[in-house]
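Sequences and hints are given; from them, build the entire structure.
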Amino acid sequence: MIRWQKKAVAAGAVFALAAALAACSSSGGKQEEQSSSSGGGNVADTPRMKVALITHSGPGDTFWDIVRRGAEAAAKKDNIELQYSSDPDGAAQANLVQTAIDSKVDGIAVTLNKPDAVIPNVKKAIAAGIPVTVLNGGLDSWKGTGAIGYFGQDERIAGQATGEKLKQLGAKKVICVIHEQGNVSLEARCQGIKDKFGNVENLNVNGTDQPGTQATITSKLQTDKDADYVVALNAGIALTAVQAAKDAGSAAKIGSFDMSKEMAKAVKDGTVQFAVDQQPYLQGYLAIDAIWLYKTNGDTIGGGDATLTGPAFIDKSNIDAVEKYATAGTR
Amino acid sequence: MASSITSPTTADDRVASRSISARLLSRPEIGSLVGAAVILVFFLITAAPFRDINNTGTILYQAALIGVMAVPVSLLMIGGEFDLSAGVAVTTAGLTAGLLAYQFSLNVWVGVLAALVLALAIGAFNGWLLMRTGLPSFLVTLGTFFILQGINLAVTRLASGAVASNSISDMDGFSSAKAVFASEFKIGGITIKILIVWWIVFVAIAAWVLLKTKIGNWIFAVGGDAAAARAVGVPVRKVKIGLFMTVGFFAWFTGMQLLFIQNGVVQSGEGVGKEFLYIIAAVVGGCLLTGGYGSVVGGAIGALIFGMVQLGVVYARWNPDWFKAFLGAMLLLATIVNLVVKNRAEAR
Chain Y
7 MIRWQKKAVA AGAVFALAAA LAACSSSGGK QEEQSSSSGG GNVADTPRMK
57 VALITHSGPG DTFWDIVRRG AEAAAKKDNI ELQYSSDPDG AAQANLVQTA
107 IDSKVDGIAV TLNKPDAVIP NVKKAIAAGI PVTVLNGGLD SWKGTGAIGY
157 FGQDERIAGQ ATGEKLKQLG AKKVICVIHE QGNVSLEARC QGIKDKFGNV
207 ENLNVNGTDQ PGTQATITSK LQTDKDADYV VALNAGIALT AVQAAKDAGS
257 AAKIGSFDMS KEMAKAVKDG TVQFAVDQQP YLQGYLAIDA IWLYKTNGDT
307 IGGGDATLTG PAFIDKSNID AVEKYATAGT R
Chain R
508 MASSITSPTT ADDRVASRSI SARLLSRPEI GSLVGAAVIL VFFLITAAPF
558 RDINNTGTIL YQAALIGVMA VPVSLLMIGG EFDLSAGVAV TTAGLTAGLL
608 AYQFSLNVWV GVLAALVLAL AIGAFNGWLL MRTGLPSFLV TLGTFFILQG
658 INLAVTRLAS GAVASNSISD MDGFSSAKAV FASEFKIGGI TIKILIVWWI
708 VFVAIAAWVL LKTKIGNWIF AVGGDAAAAR AVGVPVRKVK IGLFMTVGFF
758 AWFTGMQLLF IQNGVVQSGE GVGKEFLYII AAVVGGCLLT GGYGSVVGGA
808 IGALIFGMVQ LGVVYARWNP DWFKAFLGAM LLLATIVNLV VKNRAEAR
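Here the protein sequences come in this chain order: Y and R. Just so you know, we're using our numbering here: the first sequence kicks off at 7 and counts up by one. Just so you know, we're using our numbering here: the second sequence kicks off at 508 and counts up by one.
Because the hints were derived from the structure by calculation, they are not lab data. Treat the hints with care, since some could be wrong.
Heads up, simulated DSS-like pairs for lysine-lysine below, C-alpha to C-alpha not over 30 angstroms straight-line [claimed, not checked]:
no., chain 1, residue 1, chain 2, residue 2
1, Y, Lys231, R, Lys831
2, R, Lys831, Y, Lys252
3, R, Lys685, Y, Lys259
4, R, Lys693, Y, Lys259
5, R, Lys693, Y, Lys330
6, R, Lys693, Y, Lys252
7, R, Lys693, Y, Lys179
8, Y, Lys200, R, Lys849
9, Y, Lys130, Y, Lys82
10, Y, Lys149, Y, Lys259
11, R, Lys831, Y, Lys202
12, R, Lys685, Y, Lys36
13, Y, Lys130, Y, Lys202
14, R, Lys831, Y, Lys179
15, Y, Lys202, Y, Lys149
16, Y, Lys274, R, Lys685
17, Y, Lys231, R, Lys693
Nothing here was measured: the structure is a model prediction, and the numbers come from that model.
Printed below as a string of structure tokens:
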């Protein structure tokens, strides 16, 4: 068996290699991708700092990848060494804040989507003289902590804006797809849509299981024949919903939150009607840059109030201006 | 198929003559079959869209998504082992095919075949390490689970600079590969995804192997008592490594379905937690957690129960907040019916 396995593996490897040499794709792939070099730019001559970015992201989430890119861009410009870490579990995220305090960082950027768990350690950091910025989540709770700024969107307001948009578009019945059951921000978005639009039904799906999500949305559309709009709360789920509507033979249109390369394409060719953009790149960038400005010049952005990074609507009318950034992975 | 073989643990029954109904009732999958029927009737009554024949394709697809992997996982469980890495191995296979084809601008089929080689190698590694160290498969595959999860994320970021693989939908060979792994067709108005067809084929082949061939007997033997099996000349090592490689093969197949159903993009964080769904399907379908007993058809019925409940909750338009609670209650119901039927059957 072992000998047989070795032979099989070797044969497979040889075959794959031979096939690889003979079987290049005539279209697509990395060779066709245009390499857009982001010009080096100047680096600040301020002393080198160490800043921690600590989020509640699960592993492998495109949205947080864009946040991190923004943070890295600011860190590079500001001569900052960025330490990124994340954990979706509240207590574990709080512990990551503690390790940042222990390693004596010069600043901490943190998400407060699980405020009760994380805030005690944020207060500890501030007491230890480490400036803290809050991004993405925690709009209702960041002010009392002593943090120097907040960068994100108000999810309820973003939902309400989406509700208005749906009214304009003449929607009649909306299905709001929640891809992480019990996530406060996602619930707030759907609630916001309901505030302004009314006829909204929530649907829970498992966001880390694309085919299962697709089947669940399909079955919902088969049940709700009168639903004419599906609003997804992230780009991946929206593209899955497009497929699901097709499967269900439903004429329902798709709206979404957040951008991605694939989403830009979908908005352009009209398979997704609109995307609500909260500019994650900007959230990451500002959260880091604000620390640098505070440390080097005593500045605070927002003047004690939250700095909103969204919602902005991206649809067919303005996709051309955004597309190339989405393709580069910064929108 | 149902009347072809008796349970290997009750050797004396082989010489006794038994009625067809008694033999049928002693099959491991009979309890889950009744459970599935109960769930089906329940939803036919409570959820109107469940009665619409056109929605059958959707329900079967949901079941097939778990069901395809439940085939090798059932076999493995009958052979006395677990594989916790099965869920992320699916993602690994999908990512490998997508990233390789994209990064080297290759025909998509090259990526697909390379992913097959890798998936089989992962299975072989699990099996080899298990036999080599004598550690429980729970520990060995738990290690592989974390290794693969980390590699999925790290390699994807290194290769594509993001946490999802790049789309390969415009590359050579995509459409033909999609036709094989993720196409769909219509039968009398019902849209059938090809995965459902593959699922039925896989279940039929695996059930035949398990019940009609020497290898099938070996699987029962190594799961029942590996030492005794070895004593009578069963190649325990080969069987177990082979079973893990079978899981690898199916992980590859499911990974390709994942890749081609969604424009050739795979998210690197996916797959975590799916391994439990496969094991749940096998257990609901009558496979013993201790090995040596179970059936492939049972695993398929387990997946069907899971699929019906998942979508039934949506079709019935129950408050989505209760979704998981309904799911858990239904699965318990199915399993209890399963247990009652089996106890009745054994008491006869």
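Structure-based check of each hint:
1. Our distance criterion of 30 angstroms between C-alpha atoms is met by Y/Lys231 and R/Lys831, whose separation comes to about 24 angstroms.
2. A distance of roughly 27 angstroms separates the Cα atoms of R/Lys831 and Y/Lys252; the hinted pair therefore holds under the 30 angstroms criterion.
3. At roughly 25 angstroms between alpha-carbon atoms, R/Lys685 and Y/Lys259 fall within 30 angstroms of each other, so this suggested pair holds.
4. Pair hint R/Lys693 plus Y/Lys259 holds up; C-alpha atoms about 23 angstroms apart against a cutoff of 30 angstroms.
5. Simply put, R/Lys693 and Y/Lys330 have alpha-carbon atoms about 39 angstroms apart, too far for the 30 angstroms limit, and the pair is violated.
6. A distance of roughly 13 angstroms separates the Cα atoms of R/Lys693 and Y/Lys252; the hinted pair therefore holds under the 30 angstroms criterion.
7. Under the criterion of a C-alpha separation no larger than 30 angstroms, the hint pairing R/Lys693 with Y/Lys179 is consistent with the structure, at around 29 angstroms.
8. With a CA separation close to 49 angstroms, the supplied pair Y/Lys200 and R/Lys849 exceeds the 30 angstroms bound.
9. About 27 angstroms separates the Cα atoms of Y/Lys130 and Y/Lys82, which keeps this hinted pair within 30 angstroms; it holds.
10. For the given pair, Y/Lys149 sits about 39 angstroms from Y/Lys259 by alpha-carbon distance, which is inconsistent with the 30 angstroms threshold.
11. A threshold of 30 angstroms between alpha carbons decides the hint, and for R/Lys831 with Y/Lys202 the separation of about 29 angstroms falls inside it, so the pair holds.
12. Proximity of R/Lys685 to Y/Lys36 is assessed by CA-CA distance (about 20 angstroms); at most 30 angstroms being required, the pair is judged to hold.
13. Among the hinted pairs, Y/Lys130 with Y/Lys202 is inconsistent with the structure: their alpha-carbon atoms are about 40 angstroms apart, more than 30 angstroms.
14. With a C-alpha separation of about 25 angstroms, the suggested pair R/Lys831 and Y/Lys179 falls inside the 30 angstroms cut-off, and the hint holds.
15. A distance of roughly 27 angstroms separates the Cα atoms of Y/Lys202 and Y/Lys149; the hinted pair therefore holds under the 30 angstroms criterion.
16. Between Y/Lys274 and R/Lys685 the CA atoms are separated by roughly 24 angstroms; this keeps the pair inside 30 angstroms, and the hint holds.
17. For the given pair, Y/Lys231 sits about 20 angstroms from R/Lys693 by alpha-carbon distance, which is consistent with the 30 angstroms threshold.
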